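Asks: So the sequences go chain by chain: S and D.
Counting from 1, one number per residue, gives the positions in the first sequence under the working numbering.
Counting from 1001, one number per residue, gives the positions in the second sequence under the working numbering.
For the record, the hints were derived by calculation from the structure and aren't laboratory data.
Note that the structure is predicted; figures quoted are calculated from it, not measured.
Check each hint, because a few of them may be wrong.
[To be verified] Within a straight-line C-alpha distance of at most 27 Å, the following computed BS3-like cross-link-like pairs (lysine-lysine) qualify:
#, chain 1, residue 1, chain 2, residue 2
1, D, Lys1079, D, Lys1131
2, S, Lys13, D, Lys1059
3, D, Lys1079, S, Lys13
4, D, Lys1131, D, Lys1174
5, D, Lys1120, D, Lys1131
6, D, Lys1174, S, Lys13
7, D, Lys1161, D, Lys1174
8, D, Lys1079, S, Lys15
9, D, Lys1079, D, Lys1059
10, S, Lys13, D, Lys1131
11, D, Lys1079, D, Lys1068
12, S, Lys15, D, Lys1120
13, D, Lys1079, D, Lys1161
14, D, Lys1161, D, Lys1131
15, D, Lys1161, D, Lys1120
16, S, Lys15, D, Lys1059
17, D, Lys1131, S, Lys15
18, D, Lys1120, S, Lys13
19, D, Lys1174, D, Lys1120
20, D, Lys1161, S, Lys13
21, D, Lys1131, D, Lys1059
[To be verified] Sample of chain D residues lacking proximity to chain S, with all beta carbon distances greater than 12 Å (derived):
#, residue
22, Ala1004
23, Pro1005
24, Ala1008
25, Glu1011
26, His1072
27, Arg1084
28, Arg1090
29, Arg1092
30, Gly1093
31, Pro1129
32, Glu1130
33, Glu1148
34, Gly1154
35, Thr1159
Ideal Cβ placement from N, Cα and C applies to all residues, glycine included.
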Amino acid sequence: MKPLDDELRNLFKRKEPPVGFAGRVLARLEAPPAPPTLTERLSALFRRPVVRWVAVPVACALVALGVVRYQHQQRMRVQAEQASREAMLALQITNEELSTALERAQRVTVRALEVKNNQSEKRSDL
Amino acid sequence: MSKAPEQAMEESLARCTRGDRAAFAEIVRAHQSMVYSLALHFLRNPSTAEDVAQDVFLKLYRDLPSIKSGAHLRFWLRKVTCHRSIDHVRRRGPDGMLSLDDVPEPAAAERARDPLLEEKLWRLVATLPEKSRMVLILRYQEDLQLREIAEVMGIPINTVKSSIERALEVLRGKLARSMGGVKV
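Using the sequences plus the hints, can you model the full thing?
Replies: Here is the structure:
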């Protein structure tokens, strides 16, 4: 067996490409370039200095707008929660007032019935 | 390369930079086996190797004004082919590797081959790390010196030296074990 060096030299011997290789390379030179993909078009767009200069303030404005909108929504949520709590409290107070009024009405009714009964008894005694 | 072909290459380069397509075709024909073989030995897929080789020549056409001489052209082609081949494997993973028996053989007469040993050697070479494999191909296909390999690959010369030593050691060990202890 030959030494490994010789085996590797033989293994890595240069090989010719398939027939017509040079012709195919030249044909690709003549061919119109493939239409750029969406990613390529976007990256080409952002390589333009004008777009880059415009993109930075637009991005900043969008972020600022997002922050303002988020804060506004947070404020609205807090206000809605506050209003909800106040409405619950008002209902609770109304409920208590109604209960008190009902109790009073019941007491008055009971008292009126008692007075009426007493009068009836006195009249029958007479 | 002797002086006459070197001079012819310089002339082709000069004509090519003036937009002469025929001169570019001459350059492609003169270097196609080097570029294609580097890609083929690394990728082990004839169709992918041809794609990579074509891409290399198309890039060469665009970068022609930066090429200063025939020697610079060979260095440039080796460098770009190596990097493109390694990038291809890193991006897409190894393609279905075919046996190199599927590839047309060179016209030159060959010494007696041992197909089994060759296949075994291919499999072992395929297990080496990408850079070590490319270093071996540059060493044994192109017969480059360590310094030249270091320049093409863009790595220190000591790394090239240790890569070759380590790769040969691994190949010898694995080959000897697979052949029942026969020294290679």
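Asks: Which earlier hints turn out false for this structure, listed by number in ascending order?
Replies: Violated hints: none at all, because every hint is consistent with the structure.
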